[in-house]
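Peer 1: One letter stands for each residue in the lines below.
Number of protein chains: 2
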Amino acid sequence: MSHPLFEKHRTTLDSALNAIRTRGYWSAYPEMPSPKIYGETAQADGKAAYDAQLGREFALDQPGRGGAVKTECSPYGIALDVSYPKCEAQALIAAGIAAMPGWQAIGAEGRAGVCLEILDRLNKRSFEIATAVMMTTGQGWMMAFQAGGPHAQDRGLEAVAHAFKEQAEVPAEAIWEKPQGKNPPLVMKKHFEVVGRGVALVIGCGTFPTWNTYPGLFAALATGNAVIVKPHPNAILPAAISVRIAREVFAAAGLDPNLVTLFVTDAPAETQALAQHPAVASIDFTGGNVFGEWLYAHCRDKQIYAELAGVNNIVIDGTDSYKGMLKNLAFTLALYSGQMCTTTQAIFVPAAGIDTPEGKVPFDQVAADLGAAIDKFLADPAVATAVLGAIQSPDTLARIEQASRGGFGGEVVLASKKIEHPEFPQAEVRTPVLLKCDAVSESSWMEERFGPIAFVVKVADTNAAIALSERVVCERGALTVGLYTMQQSVIDAMTAATWRSKVALSINLTGGVFVNQSAAYSDYHGTGGNPAANASYADSAFVANRFRVVQRRYHV
Amino acid sequence: MSHPLFEKHRTTLDSALNAIRTRGYWSAYPEMPSPKIYGETAQADGKAAYDAQLGREFALDQPGRGGAVKTECSPYGIALDVSYPKCEAQALIAAGIAAMPGWQAIGAEGRAGVCLEILDRLNKRSFEIATAVMMTTGQGWMMAFQAGGPHAQDRGLEAVAHAFKEQAEVPAEAIWEKPQGKNPPLVMKKHFEVVGRGVALVIGCGTFPTWNTYPGLFAALATGNAVIVKPHPNAILPAAISVRIAREVFAAAGLDPNLVTLFVTDAPAETQALAQHPAVASIDFTGGNVFGEWLYAHCRDKQIYAELAGVNNIVIDGTDSYKGMLKNLAFTLALYSGQMCTTTQAIFVPAAGIDTPEGKVPFDQVAADLGAAIDKFLADPAVATAVLGAIQSPDTLARIEQASRGGFGGEVVLASKKIEHPEFPQAEVRTPVLLKCDAVSESSWMEERFGPIAFVVKVADTNAAIALSERVVCERGALTVGLYTMQQSVIDAMTAATWRSKVALSINLTGGVFVNQSAAYSDYHGTGGNPAANASYADSAFVANRFRVVQRRYHV
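Protein sequence lines, in the order shown, are assigned to chains A and B.
Quick note: the first sequence, position 3, residue 3 per the working numbering, numbers continuous.
Quick note: the second sequence, position 370, residue 370 per the working numbering, numbers continuous.
Calculated directly from the structure, the hints in this document are not laboratory data.
Since the structure is predicted, the reported quantities are computational estimates derived from the model, not experimental observations.
One or more hints might be untrue.
Same chains, same label: a pair holds when it works inside one copy or across any pair of copies.
To be verified - The calculated lysine to aspartate or glutamate pairs, modelled on EDC-like cross-linking and capped at a C-alpha distance of 20 Å, are:
{"hint": "1", "residue 1": "K360", "residue 2": "D301"}
{"hint": "2", "residue 1": "K323", "residue 2": "E109"}
{"hint": "3", "residue 1": "K189", "residue 2": "D320"}
{"hint": "4", "residue 1": "K178", "residue 2": "E31"}
{"hint": "5", "residue 1": "K323", "residue 2": "E173"}
{"hint": "6", "residue 1": "K189", "residue 2": "D492"}
{"hint": "7", "residue 1": "K417", "residue 2": "D61"}
{"hint": "8", "residue 1": "K8", "residue 2": "D120"}
{"hint": "9", "residue 1": "K302", "residue 2": "E475"}
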């Protein structure tokens with residue numbers, strides 16, 4: 001007997017399984033916030049649901065309830081005033097452990113079905129969640145809807161598909177019959193039980209509280225584990241809504257809702273204590289290197305899936321579409337004020353300039369033209385506020401100031417401007433800073449400067465640029481690199497360099513695809529092979545070690 | 001165009017792929033050392049090939065050649081006097097890195113084909129390798145042939161099959177076409193390259209120099225990595241022959257033979273330096289906890305697959321075949337003098353005795369009967385020497401002495417005896433020590449006492465035995481546990497306990513299968529979920545993180 005939720009969502013799961021095998025375009029959750037798709041009242045309903053949660057305590061019936069926590073501060077300068085129940089870590093762990101046997105018992109199919117039901121309900125609540133994402137992270141509305149809603153859900157489903165595929169390879173039982181020559185064969189019956197590793201901890205980041213949380217959450221859930229979600233103190237609401245929806249689905253399916261719980265704190269020491277708890281078997285983390293390195297050093301006995309800092313970069317050798325390239329790069333640097341883990345920070349340009357069909361464009365001209373392209377793209381305040389969103393953290397605001405003052409070295413090509421947001425007067429909206437410097441000024445550009453801060457870096461020539469890109473990726477990490485060239489030999493050399501440094505390469509993007517975008521089911525987000533991330537969304541390795549197979553055997 | 005070696009071995013690979021999915025009995029390499037299968041002169045040829053290597057330098061043309069190393073001392077008391085070329089670690093690493101691009105270029109199919117060719121040639125050399133295994137490890141001939149030859153080869157093929165399956169899930173390329181409403185779709189071509197993580201280090205153990213080395217060796221190779229094999233100083237020859245055969249296959253296939261090299265040393269500091277080398281990406285290790293814990297602590301940035309110490313145990317509640325149980329246990333405890341990582345150390349027996357169709361058998365009687373069964377089984381010196389083999393290390397000899405003197409506590413039920421080996425007068429052959437003690441004497445029995453040392457442990461009752469088994473597995477680790485009972489409720493309780501402690505369970509073995517045996521393709525060796533091993537032979541998790549996928553994309 002299949003689980004009814006597996007039957008209900010089987011077609012979607014099959015499509016996702018096909019998508020991760022073929023890696024063409026596919027999506028389960030429409031990315032357009034269209035009333036035709038989501039319902040005529042979806043946007044208003046979502047906004048109302050979001051509004052109804054402001055200024056009060058978030059209802060979440062979890063064990064170990066102590067006080068309440070209120071830490072969120074909107075980059076749009078509005079008051080959220082949501083307080084969240086603070087629960088004892090030990091109580092959440094104990095509840096998660098108690099919930100796991102029932103979760104194990106329904107098997108991989110049942111777990112996949114329940115996870116898809118959660119994702120389906122998350123999708124129906126996309127407007128509410130997107131508003132929460134927008135208001136807590138500073139993302140513009142369209143990005144908050146797409147990346148915070150359907151794209152995050154697609155990444156969650158992708159993880160479920162990988163998890164299901166790996167578990168489905170393990171037969172429930174087997175008859176093992178070994179011939180013994182003229183004697184009767186040895187015959188054994190064997191059972192193979194898929195067992196979750198233990199309680200999983202998923203630590204979210206402040207910029208993408210769903211997109212970077214759902215992969216680990218659903219990978220851990222689908223493989224049989226209970227999950228404690230620990231959101232960033234400034235982006236709790238999207239995670240809290242997601243957790244509550246998951247708990248509702250569990251309860252409706254006759255399962256223990258404590259399979260997913262929310263742990264809120266703004267004290268790193270409390271998160272560290274939870275991470276080190278002996279019952280925590282895996283940790284998914286997106287965030288800075290300091291905490292990430294602490295996890296690597298202090299949680300050695302746990303499976304850690306971490307996405308940390310990096311220095312994404314682009315090599316420009318030449319282009320047959322100079323304007324298209326500049327527009328493409330301008331959008332990449334402007335989108336969400338460069339607060340994406342995939343945004344380019346260093347753009348390597350040969351000292352002698354780049355090749356175009358119209359001839360060489362000198363280094364300084366490339367830098368100036370890119371600055372002008374950014375400026376032009378953001379000239380319309382309506383476009384600017386929609387694309388830039390607001391600056392998520394005071395640290396990033398400070399970095400922008402520092403960069404503008406020349407604090408990181410380099411020469412300012414384009415200064416950052418503060419833009420007034422017509423709807424949110426207190427919003428911290430900033431345009432990107434573009435700097436230029438020489439490659440040898442490594443202290444300027446070869447460290448992650450998170451936010452809208454990019455460097456046009458002068459290199460000796462294209463070969464030096466490719467070598468430098470490889471070294472930066474190997475030493476500092478990167479989730480994305482790009483290349484512009486008209487030479488196949490340059491593509492080949494850069495391709496080989498990315499094989500060594502293990503980073504995804506986008507070549508000659510001059511249209512509607514951007515180096516900082518990755519598409520679920522098709523693009524691997526991170527390779528897991530350089531310091532920017534020790535795992536990839538989403539591949540076999542992201543799921544295969546989250547469960548173990550425990551066998552028993554006896555003669556029949 | 002498929003690689004010719006992939007075509008040559010495709011049927012075998014397909015059968016292995018089917019076997020790991022269905023997990024019934026299958027083997028690619030016949031386990032009987034029969035002249036009909038291996039050839040009328042195979043045994044003599046193998047012995048001659050082995051003999052020809054004694055008393056001289058082992059021919060191995062590797063880079064970075066310095067001096068020579070001669071460390072092996074046979075447990076059978078004969079002189080091997082083989083010296084091995086000592087090569088600089090840095091030279092082997094550099095050679096491995098240089099060899100990897102060509103290995104990457106032939107793809108997953110090519111690598112699988114070449115690996116199967118290596119395994120095929122290893123199989124044809126089984127007699128030679130088995131003799132080397134026997135003489136270096138002290139195994140009896142039949143075990144040396146089976147575990148050191150075909151069974152090890154099966155474990156290697158199993159790893160290749162898993163590696164191939166995971167890589168085959170990654171398409172080489174895809175067309176990604178995203179609709180854009182009324183506008184033309186966004187179309188990209190994407191390439192997905194499987195890239196090995198880097199140089200792999202495989203550190204062997206002194207007791208199973210091929211069986212515990214081939215899984216890591218072939219998993220790392222098949223996923224695109226170069227491998228440095230570092231054998232135990234006392235069991236180099238079987239690994240050296242295997243490495244040389246692999247190098248011959250690479251050369252014959254037009255590949256760089258430095259894809260596999262041998263690093264010999266008896267200085268742990270040299271192995272540690274190699275393990276910490278930045279270019280070493282993964283480490284497979286079988287051995288003691290001290291070195292294993294050192295690896296965990298000092299090689300955090302590397303993938304580590306480690307099999308360490310454990311306290312394998314059996315719960316006896318009752319049996320419907322008392323004599324069958326005793327015979328089965330006697331064989332388990334005697335085989336290779338208990339020098340298997342899967343041998344039982346603690347046997348939990350209720351204070352009130354065990355149930356049999358003839359009534360209760362008291363605790364002391366069970367212990368005495370088991371001692372008598374071991375004694376009877378080993379009464380014939382020909383059987384004894386064939387089954388026991390010789391004691392591999394002086395440490396184990398010392399432990400047997402200590403156990404016999406009561407140094408570990410407990411009461412001696414059966415003392416160890418020294419047996420003369422008719423063929424090898426200097427061989428260190430010992431029968432097992434059987435002790436009995438109370439469960440509370442944890443310092444006696446709850447630590448690995450590697451070798452032929454077992455404890456019959458008195459527990460309050462069956463429930464206490466199951467709980468104790470679970471705790472021991474969780475705290476000290478185990479690769480195997482067993483259960484004897486006539487009650488389904490006891491089976492159910494023990495099954496649930498093993499799900500929590502994550503250990504393989506064998507139930508009511510009274511015939512020709514033993515708790516310390518695991519069959520390739522069917523039995524997972526280790527679960528990777530308790531301290532005895534952080535990985536399993538062989539599952540998806542054993543291979544999926546040994547390679548990474550590096551993509552590139554561009555518009556078409």
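Peer 1: A separate judgement is required for each hint: does it hold in the structure or not?
Peer 2: Hints and how they fare:
When the C-alpha separation of K360 and D301 is checked against a cutoff of 20 Å, the pair qualifies neither within a copy, at 55 Å, nor between copies, at 43 Å. Taking CA atoms no more than 20 Å apart as the test, K323 paired with E109 passes in neither setting, with 50 Å inside one copy and 43 Å between copies. Taking CA atoms no more than 20 Å apart as the test, K189 paired with D320 passes between copies only; the shortest distance there is 18 Å, against 65 Å inside one copy. Within a single copy, K178 and E31 get their C-alpha atoms only as close as 54 Å, which misses the 20 Å cut-off; across copies the closest is 12 Å, which meets it.
With identical chains, the CA atoms of K323 and E173 are never at most 20 Å apart, being 61 Å at best within one copy and 29 Å at best between copies. Taking the shortest Cα distances, K189 and D492 sit within 20 Å of each other only across copies (15 Å), while inside one copy they are farther apart (53 Å). Neither within a single protomer nor between protomers do K417 and D61 lie at most 20 Å apart by alpha-carbon distance, with minima of 45 Å and 65 Å respectively. Proximity of K8 and D120 under a CA criterion of 20 Å is satisfied intra-copy only: 11 Å inside one chain copy versus 48 Å between copies.
In this assembly of identical chains, the alpha carbons of K302 and E475 lie at most 20 Å apart only when taken from different copies (15 Å versus 24 Å within one copy).
Checked against the numbered hints listed earlier, the structure breaks hints 1, 2, 5, 7; every other hint is satisfied.
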